[in-house]
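Student: Sequence:
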Amino acid sequence: MQIDGQTKIVGLIGDPINHSLSPAMHNAAYQALALNYLYLPFRVPAASLAAVISAVRCLDFRGLTVTVPHKETVIPQLYFLDRSAKRCGAVNTIVNNSGILTGYNTDGDGFIDSLREYGFESNGKKAVVLGAGGS
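My numbering numbers the first residue of the sequence shown as 1016 and each following residue consecutively.
Calculated from the structure, these hints are not laboratory results. Fair warning: this is a prediction, and the values are worked out from it, not measured in the lab. Be a bit skeptical, because a hint or two may be false.
Capping the alpha-carbon separation at 25 Å, the derived lysine to any residue pairs in SDA-like fashion look like this [said to hold, decoys possible]: (1) Lys-1101 to Tyr-1133; (2) Lys-1023 to Ser-1035; (3) Lys-1141 to Ile-1115.
Computed spacing ranges between beta-carbons, pair by pair [to be verified]: (4) Ser-1063 to Ala-1142: 35 to 41 Å; (5) Gly-1134 to Asn-1112: 18 to 24 Å; (6) Gly-1125 to Ser-1063: 37 to 43 Å; (7) Ser-1137 to Gln-1046: 31 to 37 Å; (8) Leu-1036 to Glu-1136: 26 to 32 Å; (9) Tyr-1094 to Ser-1137: 39 to 45 Å.
Every residue gets a Cβ at the ideal spot worked out from N, C-alpha and C, and that includes glycine.
Could you put together the complete structure from these sequences and hints?
Tutor: Written out as structure tokens, the structure is:
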């Protein structure tokens, strides 16, 4: 991988993040697809969240993956939310388009897509989701 002035930066923000396999997985995918992207983990304490989101805009990061404890508290820092993020009140993905930050929640779609890979079709079925908030 060659890092240059055209490299797009994507980050993971949360606290803690040391356990995350996301950087290794994303960077391997970028390399396999010959994409000039770099995925970096950033431990972001709650008190630093607003400053980090401002830096993401200023430094023109392409986007972020958001994990605990920021999935809900990051929402006021964003310009737009997609329908899934609005409905569940949590964001796990932020896309930066020229300083305009949009929050998404891809958890539900990702879960359903993984079920479909095994032949399960969810249309017309009911489900119960158990949990304790945005994470």
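Student: Against each hint, give a clear statement of whether it holds in the structure.
Tutor: Quick rundown of the hints versus the structure:
| no. | hint | result |
| --- | --- | --- |
| 1 | Lys-1101 to Tyr-1133 | violated (29 Å) |
| 2 | Lys-1023 to Ser-1035 | holds (20 Å) |
| 3 | Lys-1141 to Ile-1115 | violated (36 Å) |
| 4 | Ser-1063 to Ala-1142: 35 to 41 Å | holds (36 Å) |
| 5 | Gly-1134 to Asn-1112: 18 to 24 Å | violated (36 Å) |
| 6 | Gly-1125 to Ser-1063: 37 to 43 Å | violated (27 Å) |
| 7 | Ser-1137 to Gln-1046: 31 to 37 Å | holds (33 Å) |
| 8 | Leu-1036 to Glu-1136: 26 to 32 Å | holds (29 Å) |
| 9 | Tyr-1094 to Ser-1137: 39 to 45 Å | violated (31 Å) |
Hints 1, 3, 5, 6 and 9, counting from the list given before, are not met by this structure.
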